[in-house]
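Undergrad: Sequence:
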Amino acid sequence: MDGVGETLRVDLIPTIDLSAPDPARIDGALQNAGFLLVTGHGIDPSLPAAIRDTARGFFRLPGPVKQPYAVKVGGRGWLGPGAEANGYAEGTESPPDLKESLSFAAEHAAEHPTGMAPVDADWFAPNVWPGEIPALRPLLEDYLRAMRALSERLLELLAVALQRPEDFFTRHTTHPTWGFNINWYPGTDTVGVAQPGQFRIGPHTDFGTVTVLDRQHGKGGLQVFVDGHGWQDAPYDPAALTVNIGDLMARWSDGRWKPGRHRVLPPPADVPAEELISLVYFYECDPGTDVRGIDSHAYLRAQLDAITAD
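FYI, the numbering for the sequence shown is 1 to 310, going by full-length UniProt numbering.
The hints are simulated quantities; they were obtained by calculation from the structure and are not laboratory data.
Be careful, since some hints might not be right.
[As the list claims (entries may be wrong)] FRET-style restraints, in silico, Cβ to Cβ:
no., residue 1, residue 2, range
1, VAL128, ASP310, 14 to 22 Å
2, ARG25, ALA117, 39 to 47 Å
3, ASP167, ARG137, 26 to 34 Å
Predicted model, so just to flag it, every value in this text is computed and none were measured.
All residues carry an ideal CB built from backbone N, CA and C; glycine is no exception.
Sequences and hints are given; from them, build the entire structure.
TA: Listed below in structure tokens is the structure:
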């Protein structure tokens, strides 16, 4: 059952009002699809809108201007065309993803290191701020503070939904790592016609605990895979953020919950100029955290390496 073009029923991906959350609905959703929509999150919509407008100015620069910021997956800077193939995480030798990204990650000021030099160098290095868009940094600093606070609140809710103490997860997020991507999905005038098996983002599950996504609706947008329902369009609410759990959280739940498998469709043939920008915040945990017998950050590093396309 393919299900492409249909939209998942609200009981599979419910909308949770964070001002009055229902732990049972959260638990059910994470057993089904690994996805939620959340309202009552407190994020002023003007902030992500301003981030998109500013970042768009960078993405539309000529390639040679962006090239000095080029990094590989897991780095801090610009992921250019062909840099990433998320399908590799599933062992699928697909063409590279049809996107570009500006990537940021956790950083600690010099006066507040973890005290573990290799960890600080690998996971808490300084971010790179393109000089061509100086307005981005203050916008992102506000947004990233809000994302961390929201992620902490979500982890508390997930602990309650799992019938654990509220700090069951957050006791492991004193010095957490996180990643943040501004993903630009341009139209075919920029990326060309998709090759067979090529997506804006190939099928995969995220790697960490929770992912918080501020997305734009489009024909070449987010799809979610659910057993018995196949690939279907993810529900969209402009007032809501999309939340899914990753591999670490699924493991932490002893397999009760499923990591949200998803993909982003290529530019649609009937709307070839469609351009979307997603803001994707990946929350993780403290380096060295043991998640049911695996080293969380050894796993994260291996997965980031796995989706590097060049």
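Undergrad: All hints are to be evaluated individually against the structure, with a verdict given for each.
TA: Structure-based check of each hint:
1. VAL128 x ASP310: 14 to 22 Å: Distance hint for VAL128, ASP310 holds at roughly 19 Å.
2. ARG25 x ALA117: 39 to 47 Å: For ALA117 against ARG25, whose Cβ atoms are near 44 Å apart, the range 39 to 47 Å holds.
3. ASP167 x ARG137: 26 to 34 Å: holds, 32 Å
In summary, this structure violates none of the numbered hints.
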